[in-house]
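Chemist: Make a model of the complete structure from these sequences and hints.
Residue numbers (this note's numbering), protein chains in the order written: chain G, -2 to 722; chain Y, 4 to 85; chain X, 4 to 85; chain D, 20 to 246.
Keep in mind the hints are simulated off the structure, nothing from the lab. Do not rely on the hints blindly, as some may be mistaken.
Listed below are the simulated DSSO-like cross-link pairs for lysine-lysine, each with C-alpha atoms no more than 30 Å apart in a straight line [said to hold, decoys possible]:
id: 1; chain 1: Y; residue 1: K28; chain 2: Y; residue 2: K44
id: 2; chain 1: G; residue 1: K336; chain 2: G; residue 2: K491
id: 3; chain 1: Y; residue 1: K28; chain 2: D; residue 2: K55
id: 4; chain 1: X; residue 1: K15; chain 2: Y; residue 2: K44
id: 5; chain 1: G; residue 1: K491; chain 2: G; residue 2: K375
id: 6; chain 1: G; residue 1: K162; chain 2: X; residue 2: K28
id: 7; chain 1: Y; residue 1: K28; chain 2: X; residue 2: K15
id: 8; chain 1: X; residue 1: K44; chain 2: Y; residue 2: K44
id: 9; chain 1: Y; residue 1: K28; chain 2: X; residue 2: K28
Far from chain G, by Cβ distances over 12 Å, these chain D residues were calculated [stated by the list, open to error]:
id: 10; residue: L80
id: 11; residue: I158
id: 12; residue: A194
Here are the in silico distance ranges between beta carbons for each label pair [said to hold, decoys possible]:
id: 13; chain 1: G; residue 1: H706; chain 2: X; residue 2: A36; range: 13 to 21 Å
id: 14; chain 1: Y; residue 1: K28; chain 2: X; residue 2: E17; range: 29 to 37 Å
id: 15; chain 1: X; residue 1: S25; chain 2: Y; residue 2: T5; range: 20 to 28 Å
id: 16; chain 1: D; residue 1: V231; chain 2: G; residue 2: Q608; range: 26 to 34 Å
id: 17; chain 1: X; residue 1: S25; chain 2: G; residue 2: G708; range: 52 to 60 Å
id: 18; chain 1: G; residue 1: G708; chain 2: D; residue 2: V189; range: 19 to 27 Å
id: 19; chain 1: X; residue 1: S25; chain 2: G; residue 2: D694; range: 15 to 23 Å
Think of the CB as a built atom: it goes at the ideal place given N, C-alpha and C, for glycine as much as any other residue.
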Amino acid sequence: MNYQDVGLTAQEFAMICDKLGRTPNALELGLFGVLWSEHCSYKSSKNLLADLPHEGSAVVQGPGENAGVVRLNDAIHVAFKVESHNHPSYVEPVQGAATGVGGILRDIVAMGARPIALADSLRFGTDAASQSLRHAVVEGVGAYGNAIGIPTVTGEVAYASGYEKNPLVNVMAVGLLPAERPISARGAKPGSYLVLLGQPTGRDGIHGASLLASQDFGEGTEHMRPTVQVGDPFMGKLLMEATLEAVGTGLLDSVQDLGAAGLTSAIAELAYRSEVGATVWLDQVPCREPGMTPYEIMLSETQERMLLVVRPSNMEQIIQIVAHWELPYQVIGVITGEKVLTIATEEDPAAAVVAPDVLAGACPLKPVPQDWAAEVRKTAEISPEFTPLTWEREWGLEVLGSLDCMSRAPIYQRYDSMILTHTVWGPDHSLAVLTVKGVEEGLAVAVRGPGRYAARDAYSGGMAAVARVLALLASQGAVPLGLTDGINAGNPDKESVFRDLMALLAGIGDASRAFGVPVTGGNVSLHNETHGEPIWPTAVIGAVGRHPHPLRPVLDAPETSGLDIVWINPSGDAALGGSVFESLRQETTAYPRPDLARLAETYRVISSVAQSADHLTAIRPVEDGGLFVALSRALLASPPSLGMTVELSADTAASQLFTEVAGQFLVFCPPETAGRLESAFGQWPGAFMRLGRVTGDGTLTIAAKKSVHYGRVELERTYARGYRG
Amino acid sequence: MTFNVVVDVAWKEEILDPAGQSTAKVLQQMGYAADNLRIGKQIRFQLQAPDVAQAETAAREMAQRLLANPVMETYAVRVVAE
Amino acid sequence: MTFNVVVDVAWKEEILDPAGQSTAKVLQQMGYAADNLRIGKQIRFQLQAPDVAQAETAAREMAQRLLANPVMETYAVRVVAE
Amino acid sequence: MRVGVISFPGSNCDQDTLSALGALGVEAVPLWYGEKSLAGVDRLVLPGGFSYGDYLRSGALAARAPVMETVERAIRDEAMPVLGICNGFQILCERGLLPGALRPNASGEFLCTWETVRVASVPLGFEGLAAGDLLRMPIAHHEGAFSVEPGGLAPLFQNGQVFLQYSDSVGQVHALTNPNGSVANIAGVSQGSVTGLMPHPERAMADYLGSVDGRKLLRGWLGEGDR
Ligand SMILES: Nc1ncnc2c1ncn2[C@@H]1O[C@H](COP(=O)(O)OP(=O)(O)O)[C@@H](O)[C@H]1O
Ligand SMILES: [Mg+2]
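Modeler: What follows is the structure in structure tokens.
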């Protein structure tokens, strides 16, 4: 075996030899191969991620751990993170998606937190094959989440041909832990045992992380398809319960989940973070298949395994817990004081000997060009503006019934969204609102990743992703506690892809700074390419917020007639760049860059209106499909007798109805609230518009030169089944 | 002509079969010793084809393209004239 | 002696098989005509028994008591010495 | 009153069920399936979830666990009231303690939705529920289509064993209100002191969750009526 076989470059290999003072043996080379892979080392993105804001008053744990942690209140902390499982989900959609869910849940559990919610963000192509793929992916997400008993409370899906052979399956998990619980992925002490819990190790997923997820996908990768990892949510549930009970005793040094790169990554990172060494007795690792080599055992990505670090004196108590949950376990090694990781087998007590900080902390990172910061913020080339001069009744239905806007019920009804009985608002709303048992504050959870906006201008798209998700929190008056970002892009060795990556992250960074919300963790998935075609750079942003009164979410649809309909659009601009409407007609043009300061101010006002909302006011962020879709969905969510009449200026109606510029809200409210909004937004031209009134006629009427009516049944059918022309 | 087709789909040996594992464990508790228990699928259908050779070709194609996922499953096809 | 056991479990005829239906539909879309497609289970395991008769009895009991649900399924058992 | 809630490996609605019972003021006792005795409880709930991962068939593996022998004996000897919710219902059918079986939903998919069910016949021991009552509760299952062997349906109705049927919001039972393909829209059945249902009453305990009808159902089962 040589360095190319494990995916290393000549320079990396030279550096390894230099650090070790010798040539690594085959096993060691394998370990370096996985840990220095893109997937595990973040070598192309780490320098860029460093630029994201990580500090905030609510932050307990920023990036660098299995998940970020923020403070809900003095007693309860929230662990949350997004993770991708893109490549595996293309190879075997059901198992790929299922194991993605299992993996992110174990990250949360490894933080000592009990998972309480999942959110999925999916991207597919537009062809028929992609729709079967979606069906299978949804099956997989549900198969794991439903069975392990964690509700999938929100999510999103979008479609574009670029995702045809590179579907994205990003899943965010949220968990709760008592404030006093120490962060558990460091703290391993010399003399403590490494106890491996759960599924016996098989040849599953070997090279999944190092090669498959770190190289482009194409004919050439066929031969290195790893053995498909199969999720076992049943064992996942037992593992979760046993681990949490063990953590609860306070007797563990440390916990580490086994994810990408299996034992190699788990032990190396554990030792590295805890500043210790370890000796692993590889023959002790329970194997599912006979004849597994040390290399295979170390690299296996068999699911449903967890590593506990236990003092010898605490073993008995911990083993009792594990036995109660009927989990297989085995002591496979011991923590040492000397910072050396030794892999020992009966034949060779020094089968591999490497320092954890070389293995897990020394991978050379891709340098970031000096001038990148300014470069990527440069204004994108302006594409000729697309402005329809008329507007047709059918256009509304076409957008509402488009793949990107139509109802997601066929997806989310396949997820258990109610188990654990804290889902006040589930997936039939744009964000989730959860109660937290025993305390007044609740959680607002949202996820958004508008790839279309990043397609032509990644910087703008990055900003928009953050703006989108925070608009949802603002509409509930929820205080954002932190963000997690799932970055998905193509091959970073290509200049254009890397440039997009830089721009995307710059956009996310600028936006999170402007809104004052830190990024506490995330995930980067690169090499999402097939036959040289990269996906749109796609940033999936997950947010958790502190909801002041979760038992009474602020309405997102009117419940009484007579209310004013107010449209807040801080930019006063109605450009169609990046919109669904545009994408149905022509190739997407650049998304208008948001004025972040103005958006931050807008969200402050909306949030304060939401916080003091009476029981009449309803607030709904304007998202994909623009105002028309927001109006239609509000109508469909309101009592059957209600209708809406809005008036728009005749020559700009189409732009106004379908623009997706950032920061728009639709507010249904009594005149006093409308007045408050008018005085807050009056300073910006076009930012406040009183569009019309909630009526009692059951129809959506749009008056712009001519008056156009949409019946409830027609809207309902289009939303549910799609536009049929 | 009508042919009866049976496609047996099994997990590849190296693929984990959690359902099989749990079933074996319960059988054991019930006092039976079943080793290496694996749960696969058996798909049965009818097919119109001019002769058995063509029926077999079609059935094999179906198995290959849809009924089994070659990354994790193997299959066996049997075709019998009705 | 070791015996290889195969238990085929099928839905009774009157029981709806949605997975079978949707598979048939997809096959149709792919241009194949599969009629009356039904998806059952095939459970394979190994068994120690003094002779084939006793192996068969045990296997039949397992099928009867656990592997198939008599309300909605039928089963067939095959036992072959290894 | 002491109500035991039996958790099998993979049960995941046990905590919700314990909380729901606790909220109704009864002493709710968690019981692990491996325990030998039923800890002197007066009643038992088999909660929802994915016992043994729902592998082989939903409820099939849990139904063969030794604790089910104890349950069976308590039903036979003491007419112990037992309520099976979702997976608990599946386990009871698999054990033969309730008639019929639950096969995959007609859609072939897991389904989590709010449904209205109509009380067809009030099972033994229930208080405060009457035939014709409508209850709104969520369902969340993959194998929830109730089925019986040919000829088995009529006796169920004749014996008053059909407990709940999926209906529309005014209590009409018809094909359009059947979410999963259950025969005769059946959502719950009873036999002696044993009752099973697919909907989740423990998820309909508060207005903010969408309904309080779960309270009515559980109180009814506890023999307390809806106070
Ligand atoms: N896009 C990102 N933004 C912020 N932090 C990130 C991002 N991607 C990865 N990280 C952080 O890097 C660390 C390593 O990530 P990862 O290898 O995915 O963890 P794990 O193996 O536990 O899933 C984590 O703390 C994660 O939060
Ligand atoms: Mg981890």
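Chemist: Would you mind marking each hint as holding or not holding in the structure?
Modeler: Status of each hint after checking the structure:
no., hint, verdict
1, Y:K28 with Y:K44, "holds (20 Å)"
2, G:K336 with G:K491, "violated (37 Å)"
3, Y:K28 with D:K55, "holds (19 Å)"
4, X:K15 with Y:K44, "holds (16 Å)"
5, G:K491 with G:K375, "holds (20 Å)"
6, G:K162 with X:K28, "holds (23 Å)"
7, Y:K28 with X:K15, "holds (27 Å)"
8, X:K44 with Y:K44, "holds (4 Å)"
9, Y:K28 with X:K28, "violated (36 Å)"
10, L80, "violated (10 Å)"
11, I158, "violated (10 Å)"
12, A194, "holds (19 Å)"
13, G:H706 with X:A36: 13 to 21 Å, "violated (46 Å)"
14, Y:K28 with X:E17: 29 to 37 Å, "holds (32 Å)"
15, X:S25 with Y:T5: 20 to 28 Å, "holds (23 Å)"
16, D:V231 with G:Q608: 26 to 34 Å, "holds (27 Å)"
17, X:S25 with G:G708: 52 to 60 Å, "violated (33 Å)"
18, G:G708 with D:V189: 19 to 27 Å, "holds (23 Å)"
19, X:S25 with G:D694: 15 to 23 Å, "violated (41 Å)"
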